[in-house]
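Work out the full structure, taking the sequences as your base and the hints as a guide.
Per this note's numbering, the sequence shown starts with residue 8, numbered consecutively.
Don't take every hint at face value.
What the hints assert, rightly or not - BS3-like cross-link-like pairs, simulated, lysine-lysine; straight-line CA separation at most 30 angstroms:
id: 1; residue 1: Lys229; residue 2: Lys152
id: 2; residue 1: Lys288; residue 2: Lys218
id: 3; residue 1: Lys129; residue 2: Lys105
id: 4; residue 1: Lys152; residue 2: Lys79
id: 5; residue 1: Lys156; residue 2: Lys116
id: 6; residue 1: Lys156; residue 2: Lys229
id: 7; residue 1: Lys157; residue 2: Lys311
id: 8; residue 1: Lys229; residue 2: Lys165
id: 9; residue 1: Lys156; residue 2: Lys129
id: 10; residue 1: Lys218; residue 2: Lys156
id: 11; residue 1: Lys288; residue 2: Lys229
id: 12; residue 1: Lys255; residue 2: Lys105
id: 13; residue 1: Lys188; residue 2: Lys157
id: 14; residue 1: Lys73; residue 2: Lys93
id: 15; residue 1: Lys222; residue 2: Lys152
id: 16; residue 1: Lys311; residue 2: Lys288
Stated by the list, open to error - Quick list of simulated restraints, FRET-style, between CB atoms:
id: 17; residue 1: Lys218; residue 2: Asp67; range: 44 to 50 angstroms
id: 18; residue 1: Asp257; residue 2: Pro130; range: 20 to 26 angstroms
id: 19; residue 1: Phe113; residue 2: Glu284; range: 26 to 32 angstroms
id: 20; residue 1: Cys235; residue 2: Met8; range: 17 to 23 angstroms
id: 21; residue 1: Gly280; residue 2: Lys218; range: 18 to 24 angstroms
id: 22; residue 1: Asp204; residue 2: Ser287; range: 29 to 35 angstroms
id: 23; residue 1: Lys288; residue 2: Lys93; range: 33 to 39 angstroms
id: 24; residue 1: Glu208; residue 2: Gly237; range: 32 to 38 angstroms
id: 25; residue 1: Ser287; residue 2: Asp33; range: 25 to 31 angstroms
By construction, these hints were calculated from the structure, which means they are not laboratory data.
These numbers were taken from a predicted model, which means no experiment stands behind them.
Heads up, the beta-carbon is just placed ideally off N, CA and C, and yes, glycines get one too.
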Amino acid sequence: MGNQLIAIGEALIDFIPNNKGCDFDDITEFSPKIGGAPANVCGAFSKLGGSSCMLTQLGDDLFGHKILRGLKAHGIEVGHVSLTDKANTALAFVSLDKKGGREFSFYRKPSADMLYSPESVKPEYFDDVYALHFCSVSLGEFPMKEAHKKAIALAREKGGIISFDPNLRFQLWDDLSLLRKTVSEFLPLADVIKISDEELEFITGETDLTKALPKLFVGDVKLILYTCGGSGAYAITRDMQAFAPSQKVDVLDTTGAGDGFTGSFLWKLCSLGITQENLSKITQEQASECLVFSNRFCGISVTKPGAIDSYPDRAMLEN
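Structure, rendered in structure tokens:
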């Protein structure tokens with residue numbers, strides 16, 4: 008069993024508004040925070056003491072170098088991150104409603120991560136892989152999509168768990184039917200799927216979880232993580248279902264909360280010795296333990312601004 012979480016996809020700068028609960032036009036100040044869902048998942052895993060590695064490409068610009076420094080500071084390995092002068096680092100401007108919910112405006116046409124090529128993905132990167140995580144943001148029709156396919160094949164060859172969070176960002180897709188088709192293409196390649204209640208109908212055509220499950224248990228899928236925001240989260244295999252409620256907290260910012268859930272859940276799986284081989288046999292007790300842990304992790308995260316910067320370490324969780 009390997010020990011390292013590898014994530015492939017976008018790393019970017021989230022510009023978080025200094026005031027929430029107002030229209031985008033009324034925001035006067037933003038604070039730059041390191042983000043991008045795959046990077047966030049690495050951040051959660053590393054904050055808890057795990058080893059993580061990011062596979063992406065950044066612009067050889069001020070923002071790209073800021074991300075490199077930030078990822079390093081959070082303990083994420085960046086030795087396999089490429090730099091390019093062919094495109095800029097991706098940016099995302101975020102607005103927050105009164106409950107901390109988000110809207111995004113992306114600067115990414117194209118961004119450096121989209122041009123990351125399959126040739127950049129080397130077999131030796133996966134020698135110590137525990138899990139490979141990815142999302143749908145970087146699965147458009149550009150080189151990064153093919154890099155994902157190569158990474159998934161290499162991670163599976165080494166016995167790593169494949170984790171997929173569709174993490175739907177509709178504003179990045181001109182054709183939503185292509186987004187749905189792309190998610191359906193990659194779902195069967197994953198062992199673990201993390202999906203939110205807001206995404207269920209778009210992906211499966213069903214509003215009822217029970218009816219949606221047969222459309223999610225496809226291909227290699229062994230475990231479904233179904234998150235319902237403040238209402239809690241489920242972990243479901245073909246033989247078992249576990250649920251844990253969320254903690255009630257004063258929400259400041261939900262940016263990166265779902266990624267924190269995924270990263271902390273994968274870390275907890277690793278700490279319990281759950282591998283790709285025995286994942287489908289995870290017990291209800293083990294799944295419940297992971298859910299409670301990740302809900303607590305997120306409960307702390309959403310009380311602070313940003314994504315990785317808001318994630319607790321193990322000492323904070325224990326206190």
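Structure-inconsistent hints, enumerated in ascending order:
3, 7, 16, 18, 19, 20, 21, 22, 23, 24 and 25
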